[in-house]
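Chemist: Now for the letters of each chain:
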Amino acid sequence: MTGMQEHSLEAQVQERIEGGNLDRATLDTLSDEELMLLFQRDVRVAFDILVERFQDPLMNFIFRFTGSMDDAADVLQDTFIRVYKKKHLYRTIAKVSTWIYTIAGNLAKSELRRGHRKYTTRLVQKKDDNDEYTLPLHDSDPLPDRSADSSIVYERIQDALQKLPEVFREAVILRDIQELSYEEIAEIIDMPIGTVKSRISRGRLQLQELLKDIHD
Amino acid sequence: MPDSQDHRNAHEQVPDEQLRLIEDLRSMPRVKAPMDFAAHLNRRLEEVDLLASRPWWKKLFPAWSTDGGLRIPPYVYGAAAASVLLIVSVYVFQTTNVEEQMDEGVRQQQVLPEHSTVEDADEVPPTGSTSPVKDAEEGARSISQDPTSGPASPAPATKGSNNLIIEKESPSARSLRKGGYPPAEKKAEEEYAPMMRGFLDEQDMRLQPLDSTARADSLRRLDSLRRLEQDGKPVPKIDRR
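Going down the list, the sequences are from chains A and B. Numbering follows the numbering used here, with no gaps: position 113 of the first sequence is 113. Numbering follows the numbering used here, with no gaps: position 112 of the second sequence is 1112.
Note that these hints are calculated values from the structure, not bench results. Treat the hints with care, as some may be off.
[Said to hold, decoys possible] Only pairs whose alpha carbons sit at most 25 Å apart, straight line, appear in this in silico SDA-like list of lysine to any residue:
#1 Lys85(A) x Asp74(A)
#2 Lys86(A) x Leu1045(B)
#3 Lys85(A) x Phe47(A)
#4 Lys85(A) x Asp48(A)
#5 Lys85(A) x Lys1187(B)
#6 Lys212(A) x Asp1016(B)
#7 Lys1032(B) x Asp78(A)
#8 Lys212(A) x Gln1013(B)
#9 Lys87(A) x Asp1223(B)
#10 Lys87(A) x Leu1050(B)
#11 Lys1032(B) x Gly67(A)
#12 Lys85(A) x Glu1047(B)
#13 Lys1187(B) x Asp1231(B)
#14 Lys86(A) x Pro1073(B)
#15 Lys87(A) x Phe1037(B)
#16 Lys1032(B) x Ile189(A)
#17 Lys1032(B) x Lys212(A)
#18 Lys1032(B) x Leu30(A)
#19 Lys87(A) x Trp1056(B)
#20 Lys212(A) x His1040(B)
#21 Lys197(A) x Asp149(A)
#22 Lys86(A) x His1040(B)
#23 Lys86(A) x Val1048(B)
#24 Lys1032(B) x Ser110(A)
#25 Lys1032(B) x Ile193(A)
#26 Lys87(A) x Asp1016(B)
#27 Lys109(A) x His1040(B)
#28 Lys212(A) x Ala160(A)
#29 Lys86(A) x Arg1044(B)
#30 Lys1032(B) x Thr29(A)
#31 Lys163(A) x Arg1020(B)
#32 Lys85(A) x Val1048(B)
#33 Lys85(A) x Leu30(A)
#34 Lys86(A) x Arg1054(B)
#35 Lys197(A) x Arg1030(B)
#36 Lys85(A) x Glu1017(B)
[What the hints assert, rightly or not] Stretch by stretch, here's where chain B covers chain A in the computed footprint (C-beta under 8 Å, at least three residues):
#37 58-72
#38 151-157
All C-beta atoms, glycine included, are put in the ideal place defined by N, C-alpha and C.
Using the sequences provided together with the hints, build the complete structure.
Modeler: Dropping the structure here:
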């Protein structure tokens, strides 16, 4: 985003505030960056919309990274609280999504290093338990046997992901699970695109090695 | 991020063997945030707002949580422990007589060991006689009769240097004197100090200032030599080097 675009975006947001048309339906149509600028001007509804937009993708990212539902829920809350408290630090030169992913990634790494929660929540176990976290899956496969096979495969993949080094795991999740572009990943992990590609490639190779019995 | 969807896979060269893996990764079920996530988050954000609106001195003591229970910040435990430690230290210091303890310490130093060791004796200055105690006593007598005519004192030691034991007291010794010397030390003060002074004059030796501990130690050794001699036991040879 260039300086000119940044100024025009801020002008638009200022106009909206002065115009007073800040109803929910209008705000839903705005981009993440516009919402963030509105939130910086103390429009709380803008923050709520950002939470709605990002809570599920971030939850998925953090869960795949940490391997624990409890940790993921905690880190997700901490991420939004940090966004809430540090809103003045956001600059429109960056995308809101990459800024939030960066915060979430850093908090998830800190959580893993703290390592005070040793237990992990397995995807299959949670489906059986009547726990607080039900996993609403997007998998619409109606066949139970295929679903069970898939669960085992997904569990194996999740286990393999946990065995990857953090830098490779983060890159692979962002690319192959979250389906972000190389440019966005480079911005999130603050590395050149070449490094991002290298990490993704090496991460995939290691994953392939760990999952060779599934794919053979 | 809908704007990144179109270009994200545009020019990616993926080896065939990895296609299956990428397919599996992309088809993994998406985990969603807990149903009550927004409610939990809003509750925490209210707390953040509440804390931010408080003055700084109130932030140090976040009093009551929203549940009505007392929430004690971790540093309060440290502060409470430090306060208790301070109170106990002051109490113990005030109820303990330090001077009495010091007297007791000196008394214990005066208690002689059952068997004097050769190492103890080695530290006694050489006299050139078989009985260092006798020599010391003789020296003391001579110096008490005529302080300026020491038998072998071409350059007699200055009064100040030889009297350091007695006159230059350490603060702890001074405090002991205030309360009166214990018997053993008083005896040493009266009997052995003149002996030592005469002996040192005879040998043309100068004393270095001693602290109270070293002083008591010297007197104790001299006393042990004296007792050995009185009991008829062999006095250790003196190393004249």
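Chemist: Each hint should be assessed against the structure and marked as holding or not.
Modeler: A quick look at each hint next to the structure:
1. Restraint check for lysine 85(A) and aspartate 74(A): the C-alpha separation of about 16 Å stays at or below 25 Å, so the hint holds.
2. Between lysine 86(A) and leucine 1045(B) the alpha-carbon distance is near 13 Å, which keeps this suggested pair within the 25 Å criterion.
3. Our distance criterion of 25 Å between C-alpha atoms is met by lysine 85(A) and phenylalanine 47(A), whose separation comes to about 11 Å.
4. Only pairs whose Cα atoms come within 25 Å are accepted, and lysine 85(A) paired with aspartate 48(A) is accepted, the gap being roughly 14 Å.
5. Of the pairs offered as hints, the one joining lysine 85(A) and lysine 1187(B) is violated, with about 79 Å between alpha carbons and a cut-off of 25 Å exceeded.
6. Between the alpha carbons of lysine 212(A) and aspartate 1016(B) the distance comes to roughly 14 Å, so the proposed pair stays at or under 25 Å and holds.
7. Pair hint lysine 1032(B) plus aspartate 78(A) holds up; C-alpha atoms about 16 Å apart against a cutoff of 25 Å.
8. For the proposed pair lysine 212(A) and glutamine 1013(B), the alpha carbon gap of about 21 Å is at most 25 Å, so the pair holds.
9. Note on lysine 87(A) and aspartate 1223(B): the hinted pairing is violated, with a Cα-Cα distance of about 83 Å set against a maximum of 25 Å.
10. Using a Cα cut-off of 25 Å, the hinted pair lysine 87(A) and leucine 1050(B) holds, with the two alpha carbons roughly 17 Å apart.
11. With a CA separation close to 14 Å, the supplied pair lysine 1032(B) and glycine 67(A) stays within the 25 Å bound.
12. A distance of roughly 12 Å separates the Cα atoms of lysine 85(A) and glutamate 1047(B); the hinted pair therefore holds under the 25 Å criterion.
13. Restraint check: the Cα-Cα separation between lysine 1187(B) and aspartate 1231(B) comes to about 19 Å, which is no more than 25 Å; the hinted pair holds.
14. Annotation: proposed proximity of lysine 86(A) to proline 1073(B) holds, straight-line Cα distance about 23 Å (limit 25 Å).
15. For a cut-off of 25 Å, the pair hint linking lysine 87(A) to phenylalanine 1037(B) stands: about 20 Å separates their Cα positions.
16. The straight-line distance between the Cα atoms of lysine 1032(B) and isoleucine 189(A) is roughly 23 Å, inside the 25 Å bound, and the hint therefore holds.
17. In summary, the hint linking lysine 1032(B) to lysine 212(A) is not supported, as the alpha carbons are separated by about 29 Å, beyond the 25 Å threshold.
18. Straight-line distance between C-alpha atoms of lysine 1032(B) and leucine 30(A) comes to about 23 Å, which keeps the hinted pair within the 25 Å bound.
19. The straight-line distance between the Cα atoms of lysine 87(A) and tryptophan 1056(B) is roughly 21 Å, inside the 25 Å bound, and the hint therefore holds.
20. Using a Cα cut-off of 25 Å, the hinted pair lysine 212(A) and histidine 1040(B) is violated, with the two alpha carbons roughly 41 Å apart.
21. Of the supplied pair hints, the one linking lysine 197(A) and aspartate 149(A) is violated, its CA atoms being roughly 31 Å apart against a limit of 25 Å.
22. Using a Cα cut-off of 25 Å, the hinted pair lysine 86(A) and histidine 1040(B) holds, with the two alpha carbons roughly 19 Å apart.
23. Proximity of lysine 86(A) to valine 1048(B) is assessed by CA-CA distance (about 12 Å); at most 25 Å being required, the pair is judged to hold.
24. For the suggested pair lysine 1032(B) and serine 110(A), the alpha carbons sit about 22 Å apart, so the restraint of at most 25 Å is met.
25. Taking the CA atoms of lysine 1032(B) and isoleucine 193(A), the gap is about 29 Å. The hint is violated against a cut of 25 Å.
26. A C-alpha spacing of about 44 Å is found between lysine 87(A) and aspartate 1016(B), which places the hinted pair above 25 Å, so the restraint is violated.
27. Between lysine 109(A) and histidine 1040(B) the alpha-carbon distance is near 22 Å, which keeps this suggested pair within the 25 Å criterion.
28. Proposed proximity of lysine 212(A) and alanine 160(A) is supported: the alpha carbons are some 11 Å apart, at most 25 Å.
29. Under the criterion of a C-alpha separation no larger than 25 Å, the hint pairing lysine 86(A) with arginine 1044(B) is consistent with the structure, at around 15 Å.
30. For the given pair, lysine 1032(B) sits about 23 Å from threonine 29(A) by alpha-carbon distance, which is consistent with the 25 Å threshold.
31. Proximity of lysine 163(A) to arginine 1020(B) is assessed by CA-CA distance (about 19 Å); at most 25 Å being required, the pair is judged to hold.
32. Using a Cα cut-off of 25 Å, the hinted pair lysine 85(A) and valine 1048(B) holds, with the two alpha carbons roughly 8 Å apart.
33. Our distance criterion of 25 Å between C-alpha atoms is met by lysine 85(A) and leucine 30(A), whose separation comes to about 22 Å.
34. In summary, the hint linking lysine 86(A) to arginine 1054(B) is supported, as the alpha carbons are separated by about 18 Å, within the 25 Å threshold.
35. Proximity of lysine 197(A) to arginine 1030(B) is assessed by CA-CA distance (about 24 Å); at most 25 Å being required, the pair is judged to hold.
36. The suggested pairing of lysine 85(A) with glutamate 1017(B) is violated, with an alpha-carbon distance near 45 Å, which exceeds 25 Å.
37. Only residues whose beta carbon comes within less than 8 Å of a beta carbon in chain B count, and the stretch 58-72 of chain A has 7; three or more means the coverage holds.
38. Beta-carbon proximity to chain B at under 8 Å applies to 3 residues in the stretch 151-157 of chain A; the threshold of 3 is reached and the given coverage holds.
Figure legend: structure checked against the earlier numbered hints; hints not met, in rising order: 5, 9, 17, 20, 21, 25, 26 and 36.
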